[in-house]
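Protein chains in written order, with my numbering: chain A, 1 to 359; chain B, 1 to 354; chain C, 1 to 586.
In case anyone wonders, no lab produced these hints; they're calculated from the structure.
Check the hints yourself; a few may be wrong.
Listed below are the simulated DSBU-like cross-link pairs for lysine-lysine, each with C-alpha atoms no more than 35 angstroms apart in a straight line [to be verified]: (1) A:Lys-175 <-> A:Lys-351; (2) A:Lys-65 <-> C:Lys-535; (3) A:Lys-223 <-> C:Lys-535; (4) A:Lys-65 <-> C:Lys-341; (5) C:Lys-341 <-> A:Lys-259; (6) C:Lys-535 <-> A:Lys-123; (7) A:Lys-223 <-> C:Lys-345; (8) A:Lys-358 <-> C:Lys-52; (9) A:Lys-77 <-> C:Lys-341; (10) C:Lys-52 <-> A:Lys-351.
Chain C is nowhere near these chain B residues, computed Cβ spacing over 10 angstroms in every case [what the hints assert, rightly or not]: (11) Gly-39; (12) Leu-130; (13) Glu-174; (14) Gly-213; (15) Gly-220; (16) Asp-224; (17) Gly-321.
Note that CB positions come from ideal geometry on N, CA and C, so glycine has one too.
The lines below spell out each chain.
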Amino acid sequence: MRNNIRRPSRRTVLTGAAAVAAGTAAGWPRVSIAQSPPAQEITPALIEAAKKEGKVNYYTSVEIKVAERIAKLFEAKYPGIAVKVERSGAERNYQRIGQEYASKIYNCDTLNSSDAAHFIVWKRDGLLEPVVPVDVAQHYAPEFKDADGTYATWRVMLSAIAYNKTLVKPEDVPKGFRDLLDPKWSGKMVKAHPSYSGTIMTATHQTARDLGWEYFEKLALQKIMQVQSAADPPKKIALGERALMVDGGDYVVSIEIEKGAPLELVYPVEGTPLITGPSAVMKRAPNPNAAKLFYLWSFTQEAQQAMVDVGALRSAHALVKDRPGRTALKDIKLMRENAAEVEKQADDIKKRYTHYFKV
Amino acid sequence: MASVELRGLTKRFGATAAVDNVSLTIGDGNLVCLLGPSGCGKTTTLRLIAGFIEPTEGEIVVGERVISSPRRTLPPEQRMMSMIFQSYALWPHMTAAENVAYGLKIRGLDKATVDARVKAILAVARLEALAGRYPSELSGGQQQRVSLARALVVEPETLLMDEPLSNLDANLREEMRFEIRRLHDQFRTTAVYVTHDQAEAMTTADVIAVMNGGRIEQLGSPEDVYERPVSEFVARFIGASNVLKGQAIDRTQVAIAGVPVATTGRALEPGRETAVAVRQHDIRLAPAGSGEPPANTLRGVVRRQVFLGSSRDYIVEMQDGAEVRIAAPADQSITPGSAAWMHLDPERCRALTR
Amino acid sequence: MTRLARSTLVQPEATRLRLDLSGPVLALFAALLVILVVLPIAWIAIFAFSTKDGGVTIANFVAIFGDAEFQEPLVTTLVIAISVGLICCLVAAPMGWLVARSDMPGRRLVRTLVTASFVTPPFLGAIAWELLAAPNSGLLNQAWRAISGAAPDHHLFNIYSLGGVIFVISCYTFPYVFVLVANALDRIPGELEDASSMLGARSWQTARSITIPMTLPAILAGVLVAFLQAMNLFGSPAILAIPAGFHTMTTKIWSLFQFPPKPELAAAAALPLLVLTIVLLRAQSAILGQRSYAVLGGKYGAPRPVRLGAWRWPALAICLGLMLLPVFLPYGALFNAAFSKVPSKLITWSTLSLHNVHFTFFELSQTWGVMRNTFLLAVLSGTVGTLLALVIAYLVARRAVRGHRWLGFLATAPIAIPGIVLGVGLFLAYTRSWLSVAGVDIPPMILYGTLWILLIAYLTIELPASYQQLGSAIQAVHPELEEASRILGATRLRALREITAPLLLSGVVATWCFIFVAVVRELSAAVILFTSDTKVLSVLIFDLKESGDLGAIAVLGLMMLAITTAVVWLANLIPGAEARRQASQM
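Excised from the complex, chain A in its bound form (with noise of 0.2 angstroms):
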């Protein structure tokens, strides 16, 4: 980062597309916010409001079949509001909403992300609505809570090793990232993209942070199956077409398990990066009422522990009881999230990436 002055923020970047055609960035209005708002509840008025627009438009990082299936808890919880969810990887959403806002398409009503750092820049450049749902005000502790109210953690997942039972012997079992080194391993492992998906984004700047750079420029050198989602390779060792992945969503694994593949976690002995992902309305949002109601109720012990339950994740509400028999994360050893650190290096953490492993 020597060159962080002068190097253009990712917001200048993010126009620079339309920018230089037409000369003029197509900005958003600054609003500084001084404080978090009062704590909202669920009114009555609020999903009549809701119901006359009738849909909402929720764009989401989350392996989609989760997504799709908390947007039908919350249709058969509150009929004639239809969710459309819009899913891609993290990374793949902040290009598409910085595109479309400017180009003054403003159709993303509510959104989730797994690259905390996003959420910096969106509130900085004034694109978030302070919402906060009495949930988050009364059950959330202050690091997973904007302390201006813009946004709330909405999910909390680690990016584990796991690998497929049938392929890799117990005695093989990798203990740890660098185990992974091995040249055993070659050609066995899959891996998602930090260029594509906040988590891997995320992971990657932890595992590079605190195991260094060299450990991907050797992991390179392996052979790796490389795919984009984080939720894709939990898929490809279920499949049995790789033996290993290397990063990924914890919570794809977990379903996989439940859906009856050979599956097994492992918590890395160098640490396992835990991502938290948030949530947020948009400012501009085409349904404000519809993904104000959305986002509310999706902070609810309801659906946080709905999201625990059919998607395995981790929730940062107090109340939410996690998942029966899963290791608890105060049992693993963690990596230290850092969404500030993750914003000033999403770049330059790409382009090593992509130096490293070609594509």
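Could you slot chains B and C onto chain A? The hints should help.
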């Protein structure tokens, strides 16, 4: 009804002039034939008249109206012309009757009138029985007649024909020549007929314009161009003439292979190279006698003779090496290799202008 | 006959007074073409020479050509394109000959199967081949291990490799060569071969000395098309090459649009593809020159099929065997994936499951909107695109306007632009805000986020192929047929409508179907231009692919094929299309 006048018409494609300063007046009701070898500009001239292409220079006037000039060209559909194409250009997705009716429908006639006119013209063209057939089900001659009927039924001011018979076999071609002439006599439409076949031109045309290299070489009645060719090109192209070259001796005589030959046609300039056209059957061939040959008689050696049934085709080589082709009576046989005399009738020796 | 009195006949005076709209209509189409083609290309050109803040630079080219990160994909792309061109030629040319000129049984069947492989989107084929030939989970590799008893980590095929990419692209590119060769052979009159036989040439000599040289232009054109297709394809390499850890030019260009987008580098990276395509197209016309073998006029008999004798059935077996690769095996794998819980396991009655179908149609909230967008766009593009190509091809073929050569050039130009780059060009052209040029403020044209921008993209992308299809169809209609109509009083447009159009009907229907199919399977431009409201099927499948949802992909893919097939089949039921083609061949 109107005459068609071409005034200094020129069409250039790039540097080459396909049509070069052509001026021609086609009288009302006349059939003019543009005759010439391929590439002489006759089809381009026709397409200029039709309005498919614009002239580079000059103009085309129909009646009082300028229909083509470099500045403004009336589109073909507004020229009140009809055209018969070399390919017939019958529309394969329409029956014979539908093909014929098309032009009438465009003119917005009601159905009953259209039907009546189509019926009448099909009768004239002897096509009644074939009205419902598609072009692919018709013979070449039948297609040709449909094409004629389609062009005539709209009673155009001007009828254009582009090698209309070239796709027919020889017998049919002869029959159709007379058919076209018959229909022309009946309708008296101002017509332009393009062909490379001089017999076709002779049969059909009121006036023949012989074209060469984008220019009109000679314009005249069929008799004119046949009997009185003005140039070597016309003489050779029309009716198979020998063109003999020599030096003019006085105002009427040309020395050919050393023999003074009396000519007709124009006053000669003594001392100048002059070409003389003599038709093959206008040369009287005889075995060489003893002594001096009579006046206007050339000497030569028979090189070849072919029996053609009604005549004998001779090639005789003169002393200067030039060859003369002669159509002699069938019963006159002279063995190749023997010497022969060729008598030229002064009335039939035409001194050429060019 | 004198009863047909001249004076009673109405001459087309009315026509003379009526305004002839032909000219303005022609001008309109010319302008449209400029907007469709020149605008995006211009933006790409501007970007290739721009710095991020709008300055002029050649730094982008320096960055591209000086960096191994770009050189490697360029070399890879060339290797793929050349290999695909050769493979397609070797497979498709003999097959085209068998179908067009031999007495092999089942010729229609083979043609139909080739059409099926053409209708298959290459990215769907690539996904299907992942299911078949992924080194470990691929069904074929599993079968191989089961049969041979090979070790669990042993594999016969690895689709995630350069060879795999070449193979899969070939599977879905060879129909181009096949169709060109078979059509060329269909048009060569049998007499030409008979003449050779009469001179004592044996079948193979005739083939070598007459048939092959006459087919050569078509083969060459086919190889060129295959080469360009392979070079500019995005979906298959994105699916197969990236997991294997290498890029082609198109995937590299695509990666440049990931955050932070570098459109100026992408534009510069597109330049080698652009130049190469133009050079190849020039070379082709230089080699072929005026050697046009189109046989016009005259009546020729239908070609006499060459007797294969004992080879009839083996030939069919080989053809059908080859069709395993683009059609039977992939669709088998997709069916398997659609109806099983684990796509890498063969379904049995006990594992048969409809949960993918249920998920796709009842849980996936995007399915219906995406379907609506896709088929609306496909129908619109087919209709507008056919009309556009028809008029342009007509203007060029008939040299109807000054500068018709430029029209032809513009209509062919998009072939040199990879879809993904065109997508960016359009994105840049239609997302900007107010623009000031020489003191004149140009209002913004924001089409991004609407279906219009996708329509424009599809029209532009499909223009070269549809223009050429209709161009050759128009060439086959003798100009005198139109002139005959015009001289009888029809305006140019009326002649076009009443004479040319009916004669072109089968060509028009074919082009419409071609565009429809191509739009449904188009991915590379759509992947840049879509928004969540304007997503199309191919992009949805691509999205699902990125998160590994193979079951839903299989269901969507099969449905896409079913609907496409149904639409093409219906279009060909248009009355008279077949019969009229027969007539126009007269």
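Hint by hint, here is what the structure shows:
With a C-alpha separation of about 28 angstroms, the suggested pairing of Lys-175 of chain A with Lys-351 of chain A holds against the 35 angstroms cut-off. Among the hinted pairs, Lys-65 of chain A with Lys-535 of chain C is consistent with the structure: their alpha-carbon atoms are about 19 angstroms apart, no more than 35 angstroms. Between the alpha carbons of Lys-223 of chain A and Lys-535 of chain C the distance comes to roughly 34 angstroms, so the proposed pair stays at or under 35 angstroms and holds. Proximity of Lys-65 of chain A to Lys-341 of chain C is assessed by CA-CA distance (about 14 angstroms); at most 35 angstroms being required, the pair is judged to hold.
A C-alpha spacing of about 9 angstroms is found between Lys-341 of chain C and Lys-259 of chain A, which places the hinted pair at or below 35 angstroms, so the restraint holds. Note on Lys-535 of chain C and Lys-123 of chain A: the hinted pairing holds, with a Cα-Cα distance of about 27 angstroms set against a maximum of 35 angstroms. With a CA separation close to 25 angstroms, the supplied pair Lys-223 of chain A and Lys-345 of chain C stays within the 35 angstroms bound. Between Lys-358 of chain A and Lys-52 of chain C the CA atoms are separated by roughly 24 angstroms; this keeps the pair inside 35 angstroms, and the hint holds.
This hinted pair checks out: Lys-77 of chain A and Lys-341 of chain C have alpha carbons roughly 29 angstroms apart, not beyond 35 angstroms. For a cut-off of 35 angstroms, the pair hint linking Lys-52 of chain C to Lys-351 of chain A stands: about 18 angstroms separates their Cα positions. At roughly 18 angstroms, the least C-beta separation between Gly-39 of chain B and chain C is larger than 10 angstroms, which holds for a residue marked as non-interface. Every CB of chain C is more than 10 angstroms from the CB of Leu-130 of chain B (nearest about 15 angstroms), matching its label as outside the interface.
Every Cβ of chain C is farther than 10 angstroms from the Cβ of Glu-174 of chain B; the closest lies at roughly 22 angstroms, confirming the non-interface assignment. With a cut of 10 angstroms on Cβ distances, Gly-213 of chain B stays outside the contact zone with chain C, its closest approach being about 24 angstroms. For Gly-220 of chain B, the non-interface assignment is confirmed: its Cβ lies about 28 angstroms from the closest Cβ of chain C, beyond the 10 angstroms cut-off. Residue-level check passed: Asp-224 of chain B sits 30 angstroms from the nearest beta carbon of chain C, beyond 10 angstroms.
At the 10 angstroms boundary, the C-beta of Gly-321 of chain B stays outside the reach of chain C, the nearest C-beta of that chain being 40 angstroms off.
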